[in-house]
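From these two lone chains plus the hints, build me the complex, please.
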Amino acid sequence: MAASMKCAWARCLSTILLNSTKHRCQISQPLYASCSNISGDSGEGGTDQTRQEAGPADDTKKHRRDPGKAFTDVRVQKILLRLTGLDLDKVYEYRAAKGAGVAKVALMSDQQLKKVYESASYKALRKLQMPPVLGAREPIDEVLSEDPELEGLNTSKLVFIDISQRVPLKKRTIVVREPNGTLRKASWEERDVTLQKYFPQSGRKIGLPRMFQQDNLECMLDDGKHEYILNRACSQFEIDDPEYIRVTQRTYEHIDGNGKFEDLRSTRHFGPMIFYFTYYKKIDKLLVAFLEEESLEDSLDLVKLYHIVHPSCKSAEKVASMPDATPLEIIRAFAEMDATQKSLVQQAIQTYEKECDSTGSTQLRR
Amino acid sequence: MALAIRFALFGCTNRPFFHIVVMEKRRAQRSGKIKEMIGSYDPMPNQDNQKLVAVDFQKLQQWLGFGAVPTKHVAELLGLGGFYPIHPMSYIKAKRKRTLMEKQVADMQAKEETQETAAIQVNEDTQPDSTEDASQ
Chain A
5 MAASMKCAWA
15 RCLSTILLNS
25 TKHRCQISQP
35 LYASCSNISG
45 DSGEGGTDQT
55 RQEAGPADDT
65 KKHRRDPGKA
75 FTDVRVQKIL
85 LRLTGLDLDK
95 VYEYRAAKGA
105 GVAKVALMSD
115 QQLKKVYESA
125 SYKALRKLQM
135 PPVLGAREPI
145 DEVLSEDPEL
155 EGLNTSKLVF
165 IDISQRVPLK
175 KRTIVVREPN
185 GTLRKASWEE
195 RDVTLQKYFP
205 QSGRKIGLPR
215 MFQQDNLECM
225 LDDGKHEYIL
235 NRACSQFEID
245 DPEYIRVTQR
255 TYEHIDGNGK
265 FEDLRSTRHF
275 GPMIFYFTYY
285 KKIDKLLVAF
295 LEEESLEDSL
305 DLVKLYHIVH
315 PSCKSAEKVA
325 SMPDATPLEI
335 IRAFAEMDAT
345 QKSLVQQAIQ
355 TYEKECDSTG
365 STQLRR
Chain B
76 MALAIRFALF
86 GCTNRPFFHI
96 VVMEKRRAQR
106 SGKIKEMIGS
116 YDPMPNQDNQ
126 KLVAVDFQKL
136 QQWLGFGAVP
146 TKHVAELLGL
156 GGFYPIHPMS
166 YIKAKRKRTL
176 MEKQVADMQA
186 KEETQETAAI
196 QVNEDTQPDS
206 TEDASQ
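Sequence order for the protein chains is A and B. The letter at position 311 of the first sequence is residue 315 when you use the working numbering, and the numbering goes up by one with no holes. The letter at position 88 of the second sequence is residue 163 when you use the working numbering, and the numbering goes up by one with no holes.
So here's chain B without its partners, still in its complex pose (with noise of 0.2 angstroms):
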């Protein structure tokens, strides 16, 4: 009996969208056994770049009080909606993001430097030898 504020996964393929619910932790999402639907939230962003998230801090706050603990994503997303502290966890995947981002960044510039050293070589490999004569 563990009561939950968690995700429910609808939508369809390849198009994901989750309903903020009130259930047990381990049942399965679609079971039809919600005791309350307290929010959405819509991971895909839309024209105007935002992701929307709806909840119902009224109720959450009622559920919170009976007992119902939300987990690790949703305890995520509502620090980042200043309902919570942030997560730890948000912290983690910002850092690790931005180290791939950087790395990534990194080894495109040191492609580039090696594409632009292959050309020069090239470039003097190829020169005529009426200039090597001349520099001589």
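Just chain A, same shape as in the assembly (with noise of 0.2 angstroms):
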């Protein structure tokens, strides 16, 4: 097959699988539904049909809302696939790695080809599942006693893990006497660090690699190994420790300063990138990235998304009352109300409807 023809053929398949009952966008869900258990959230699942405000990012901490209804919210889930998009070639690319193996070469019919291409595409959808965008976890703070008539008995802590059978690992049980007698919830730290010396995961280790101290991190963001280091992240950490949020969000702003977004393109940090600068109103170069390739599509997506966000943003409320807006209305309408480099947008736009004046086109086209 002609590589033109099975791009083609890719991005039919991912609009079939889209709109399939087999195949639904509810990958995240489950890992969210666990997350906000041990983070004290309340227990809502992630199916909101309703407008829900997801709430603007703020600095201070005690208002700053849970980027994790948002992100798991469906319609949310379904612009997110779409525009990552399913590039069969990048997804199985060869990556040196333990169990790697050869490539098999077949002679197969059209019948047979399609049917492998049928398989192959289900399962890259299983490798774009996207690592949920989630907030902080809440320190731990929970004292269980305290026993100052203990002083003196050991200069060292002691840490209990429970290791027994079939616990979730995010329910066991870690508890620390102090050296001053009181007994306390073990933290987040210790806990993460005790599960894996006892219940270890492939991939992690025990404490901070030195790639993601700071000095360290912006070396490798240099080389443009942004991918590497998502994924890296994503095995390292828990998806709401503060140590991903941080390493994940000073990925994104390091590839929104370099314009890098096609790098992470197909891959399952697309999405979440995506939704972090949506969810933080940064999506100005975004958009202009978008429109620059011509790509009407996935601009329009990315508004729609905006206002799926912040569902009383100005745009928002002014292209509800427009039902009948083309594509580049509505991107206009952002343009004007809630883009902060409101210039750089409305240039882009204009240089899009240029090229399709002279291209003799406005359809929408990828």
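No wet-lab data here; the hints were simulated from the structure. Please read these numbers as outputs of a predicted model, since none were measured by experiment. Every residue, glycine too, gets a C-beta built ideally from N, C-alpha and C. You may find that some hints are simply not true.
Subject to a maximum C-alpha distance of 25 angstroms in a straight line, what follows is the list of computed DSS-like cross-link-like pairs (lysine-lysine) [what the hints assert, rightly or not]:
1) Lys175/A x Lys126/B
2) Lys126/B x Lys201/A
3) Lys126/B x Lys174/A
4) Lys131/A x Lys118/A
5) Lys174/A x Lys134/B
6) Lys126/B x Lys189/A
7) Lys126/B x Lys161/A
8) Lys322/A x Lys286/A
9) Lys201/A x Lys134/B
10) Lys147/B x Lys161/A
11) Lys286/A x Lys308/A
12) Lys170/B x Lys175/A
13) Lys161/A x Lys168/B
14) Lys209/A x Lys168/B
15) Lys161/A x Lys170/B
16) Lys189/A x Lys134/B
17) Lys172/B x Lys126/B
18) Lys286/A x Lys346/A
19) Lys161/A x Lys172/B
20) Lys131/A x Lys94/A
Derived contacts from chain B toward chain A, CB cut-off under 7 angstroms, selection only [what the hints assert, rightly or not]:
21) Leu127
22) Gly157
23) Tyr166
Estimated spans, in silico, between C-beta atoms of each pair [claimed, not checked]:
24) Lys201/A x Gln190/B: 46 to 52 angstroms
25) Val171/A x Lys178/B: 41 to 47 angstroms
26) Gln169/A x Ser106/B: 24 to 30 angstroms
27) Glu187/B x Gln169/A: 52 to 58 angstroms
28) Thr177/A x Glu187/B: 42 to 48 angstroms
Structure representation (structure tokens):
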């Protein structure tokens, strides 16, 4: 199959899969639900069909809303999946890793090839599962007992872990008896380290890998290893770990600074990155990049996503009052009312229109 | 036939490590007659100044139901962990250590004071005669 045909086939397939009942976008919800149990949030699921205010991103800790609720919205998930795309060549790119096999060569009929492509696309959607974007976990501060009469018994802490079978990692009891006699629940950092010692997960190190220290992280970002950093962060940290959030957010900011959004296209990190920019209202450069690529679909999707995540913004209200608006009008409304770098976005829209006029086509194209 | 939940000392010279096991109370710990291992206790603190104790509490409760009895030291450890109430020996040991520490501190202070007074004495003795004449 020629390369262009293969791409078109993959795109076709991804739209079919998105609309099919067999493969729903519910991948992130159970994960979010289990996280919300431990972080003390109310046990809400993810399928919020009602228009829910996700909340503006505020610097003060108290008022910061949980991005997870917005992230697990089905509409948001659909858009993110659509934007991520499905480039089979990139998803199945050879990676030098343990267990990486040698490519097989086979002689097949067209029908057999079609079946292989279908199954490969289903498997690829699993590889494109997005690590959820959550708020930082609340610190654990529970004291179980105070026994000042035990002062002097030990000069070191005693860490107790329950190694009963078939208990989920997040629910394992870990307590610490301090030298001053206080018995308290272990903090998140202590938990992570102790669990890794007794129940090691592959790809994790005990303690912070040097790669994620600020200076080393900058070096790696300058080398352009965004996907590697994000993949390793995903395997090293829990997704609500403040360290994970710091590393991923720094990576996204670096990508934004250098405009290298396409590096993450058709990887599992593209969706979370788009969501991060949308939630914290920083989509201008991204929108400009999409418009420069001349993909109106993507630009429209991005603005629609913005309206879902921030339903009370001015352009959302305006668009709601214009039911027959064309894609360009919607994007223009956003640029006028809610873009932080107005001139940049408006210029990009103008350039896009000129390109369209010159090539004589105003239809949606990728 | 006394089924106990006890420590079994493993590790090597100058490096103790205890397995928390269910076995006969009076048997040799390395005789190989351990019924089940239900945890571990590392008495040497690690880099973060922690002593790690792992216990399979489900199994522990099952064996307690069977009639296994924890030894003194295991009971103390479980008391510190919050599974049992704190063992009286923990309070007693803590008190003894505190008294010892206080005594050591008091001894050191007394020693320092005597040293200071001795130094002052020496200074007075070695002062030149001229000043003595001046003070008179």
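Evaluated hints:
no.: 1; hint: Lys175/A x Lys126/B; verdict: holds, 22 angstroms
no.: 2; hint: Lys126/B x Lys201/A; verdict: holds, 13 angstroms
no.: 3; hint: Lys126/B x Lys174/A; verdict: holds, 22 angstroms
no.: 4; hint: Lys131/A x Lys118/A; verdict: holds, 20 angstroms
no.: 5; hint: Lys174/A x Lys134/B; verdict: holds, 20 angstroms
no.: 6; hint: Lys126/B x Lys189/A; verdict: holds, 15 angstroms
no.: 7; hint: Lys126/B x Lys161/A; verdict: holds, 6 angstroms
no.: 8; hint: Lys322/A x Lys286/A; verdict: holds, 20 angstroms
no.: 9; hint: Lys201/A x Lys134/B; verdict: holds, 21 angstroms
no.: 10; hint: Lys147/B x Lys161/A; verdict: holds, 20 angstroms
no.: 11; hint: Lys286/A x Lys308/A; verdict: holds, 14 angstroms
no.: 12; hint: Lys170/B x Lys175/A; verdict: violated, 35 angstroms
no.: 13; hint: Lys161/A x Lys168/B; verdict: holds, 16 angstroms
no.: 14; hint: Lys209/A x Lys168/B; verdict: violated, 38 angstroms
no.: 15; hint: Lys161/A x Lys170/B; verdict: holds, 18 angstroms
no.: 16; hint: Lys189/A x Lys134/B; verdict: holds, 22 angstroms
no.: 17; hint: Lys172/B x Lys126/B; verdict: holds, 19 angstroms
no.: 18; hint: Lys286/A x Lys346/A; verdict: holds, 12 angstroms
no.: 19; hint: Lys161/A x Lys172/B; verdict: holds, 16 angstroms
no.: 20; hint: Lys131/A x Lys94/A; verdict: holds, 11 angstroms
no.: 21; hint: Leu127; verdict: holds, 5 angstroms
no.: 22; hint: Gly157; verdict: holds, 5 angstroms
no.: 23; hint: Tyr166; verdict: holds, 6 angstroms
no.: 24; hint: Lys201/A x Gln190/B: 46 to 52 angstroms; verdict: holds, 48 angstroms
no.: 25; hint: Val171/A x Lys178/B: 41 to 47 angstroms; verdict: holds, 46 angstroms
no.: 26; hint: Gln169/A x Ser106/B: 24 to 30 angstroms; verdict: holds, 27 angstroms
no.: 27; hint: Glu187/B x Gln169/A: 52 to 58 angstroms; verdict: holds, 57 angstroms
no.: 28; hint: Thr177/A x Glu187/B: 42 to 48 angstroms; verdict: holds, 47 angstroms
Of the numbered hints stated above, those contradicted by the structure are hints 12, 14, listed in ascending order.
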